[in-house]
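Okay, here's what each chain looks like letter by letter:
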Amino acid sequence: DQQVKQNSPSLSVQEGRISILNCDYTNSMFDYFLWYKKYPAEGPTFLISISSIKDKNEDGRFTVFLNKSAKHLSLHIVPSQPGDSAVYFCAARPISSGNTGKLIFGQGTTLQVKP
Amino acid sequence: KAGVTQTPRYLIKTRGQQVTLSCSPISGHRSVSWYQQTPGQGLQFLFEYFSETQRNKGNFPGRFSGRQFSNSRSEMNVSTLELGDSALYLCASSLLAGGHEQFFGPGTRLTVL
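Protein chains in written order, with the working numbering: chain H, 17 to 131; chain Y, 2 to 114.
Rather than coming from a laboratory, the hints here were simulated on the basis of the structure.
If you're wondering where the values come from, they're calculated on a predicted model, not measured in any experiment.
Fair warning: there could be bad hints in the mix.
Claimed, not checked - Derived SDA-like pairs: lysine to any residue, alpha-carbon spacing no greater than 20 angstroms straight-line: (1) Y:58 - H:47; (2) Y:58 - H:112; (3) H:54 - Y:39; (4) H:54 - Y:40; (5) H:72 - H:56; (6) H:130 - H:21; (7) H:54 - Y:38; (8) H:54 - Y:45; (9) H:21 - Y:10; (10) H:130 - H:68; (11) H:21 - Y:59; (12) H:21 - Y:42; (13) Y:58 - H:120; (14) Y:58 - H:48; (15) H:21 - Y:113; (16) H:54 - Y:89; (17) H:54 - Y:42; (18) Y:58 - H:111; (19) H:21 - Y:6; (20) H:84 - H:32; (21) Y:58 - H:19; (22) Y:58 - H:110; (23) H:21 - Y:60; (24) H:54 - Y:102; (25) H:21 - Y:45; (26) H:54 - Y:4; (27) H:72 - H:58; (28) H:54 - Y:10; (29) H:54 - Y:104; (30) H:21 - Y:40; (31) H:70 - Y:102; (32) H:54 - Y:110; (33) H:54 - Y:107; (34) H:54 - Y:111; (35) H:54 - Y:68; (36) H:72 - Y:111; (37) H:130 - H:111; (38) H:54 - Y:58; (39) H:21 - Y:38.
The following block holds chain H by itself, in its conformation from the complex (with noise of 0.2 angstroms):
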């Protein structure tokens, strides 16, 4: 069965200072592993993605750490600001799903940055 797991239902941190959103998963037929963000009454808005063959994808404030040993996915966000406060998404694609757009979720992290 392949899973994806965010174990930290939710993180609180102050402004400027590090987020590092966790996700872990079960087994390692994955291409691709994604994060998504989600506000309230809006759909998930992607905003990075690694590739299985990396560990590690940089984007602005954002950096996508891939441990392909420890089957670990984190997301690190530097600095925090208060507009990152969202539920936070990790995706995975399985290889086994023939090249198709089906990706598998997390159950989600709340993260609240506080001013």
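Model the placement of chain Y on the given structure of chain H, informed by the hints.
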């Protein structure tokens, strides 16, 4: 460039009825995927369409179906609604078939009474 649009945004139905939801992808995007979001199960993949063909289907009963038109717009249909079908239905588009970077619409909130 306009984003993904979904209509209607909110819908209330009763058990046994059927419902059709609509999705217009980002201009130029040809792949459309549908997801169901519920508090208990999270975001779950329903199906993906590209060039009017269903390319993949999630683990949902046959009451859930979809289609895509030649202009890439997509519809999903749920027949014989059950209380458990109450959810946020999200549509996502990507440029190519199997695109891993998917861009979501605001969703349709379906409530089944």
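Query raised in the report: If you draw a straight line from the CA of residue 58 of chain Y to the CA of residue 110 of chain H, is it 20 angstroms or shorter?
Result: 13 angstroms, holds
**Report entry** Given pair status - residue 68 of chain H, residue 130 of chain H, alpha carbons within 20 angstroms
**Finding:** 33 angstroms, violated
Report task. Given the hint that residue 58 of chain Y pairs with residue 48 of chain H, test it: the Cα-Cα distance must not exceed 20 angstroms. Result -> Holds, because 19 angstroms separates the two Cα atoms, which is no more than 20 angstroms.
Requested in this report: Sort out whether residue 38 of chain Y lies within 20 angstroms of residue 54 of chain H, counting only the CA atoms.
Outcome: Between residue 54 of chain H and residue 38 of chain Y the Cα gap is close to 12 angstroms, so the pair holds against 20 angstroms.
Query raised in the report: Does residue 21 of chain H pair with residue 42 of chain Y here, judged by a C-alpha cut-off of 20 angstroms?
Result: Since the Cα atoms of residue 21 of chain H and residue 42 of chain Y sit roughly 12 angstroms apart, the hinted pair holds (cutoff 20 angstroms).
Query raised in the report: Given the proposed pairing of residue 54 of chain H with residue 104 of chain Y, does the C-alpha separation stay at or below 20 angstroms?
Result: 12 angstroms, holds
Query - Agreement of residue 54 of chain H and residue 102 of chain Y with the hint, judged by alpha carbon distance not exceeding 20 angstroms - result: Answer holds: residue 54 of chain H to residue 102 of chain Y is near 15 angstroms, not above 20 angstroms.
Report task. Please work out if residue 84 of chain H and residue 32 of chain H have their alpha carbons no farther apart than 20 angstroms. Result -> 29 angstroms, violated
Report task. Assess, step by step, whether the Cα of residue 54 of chain H is no farther than 20 angstroms from the Cα of residue 40 of chain Y, and give holds or violated. Result -> Holds - the C-alpha atoms of residue 40 of chain Y and residue 54 of chain H are around 14 angstroms apart, at most 20 angstroms.
Query raised in the report: Is it true that the CA of residue 21 of chain H sits at most 20 angstroms from the CA of residue 38 of chain Y?
Result: 16 angstroms, holds
Query raised in the report: Keeping to a limit of 20 angstroms between CA atoms, is the pair of residue 72 of chain H and residue 111 of chain Y held or broken?
Result: 38 angstroms, violated
Query raised in the report: Does the structure keep residue 58 of chain Y and residue 112 of chain H at a Cα separation of 20 angstroms or less?
Result: 12 angstroms, holds
Hints 5, 6, 9, 10, 15, 19, 20, 27, 35, 36, 37 and 38 from the earlier list are contradicted by this structure; the remaining hints agree with it.
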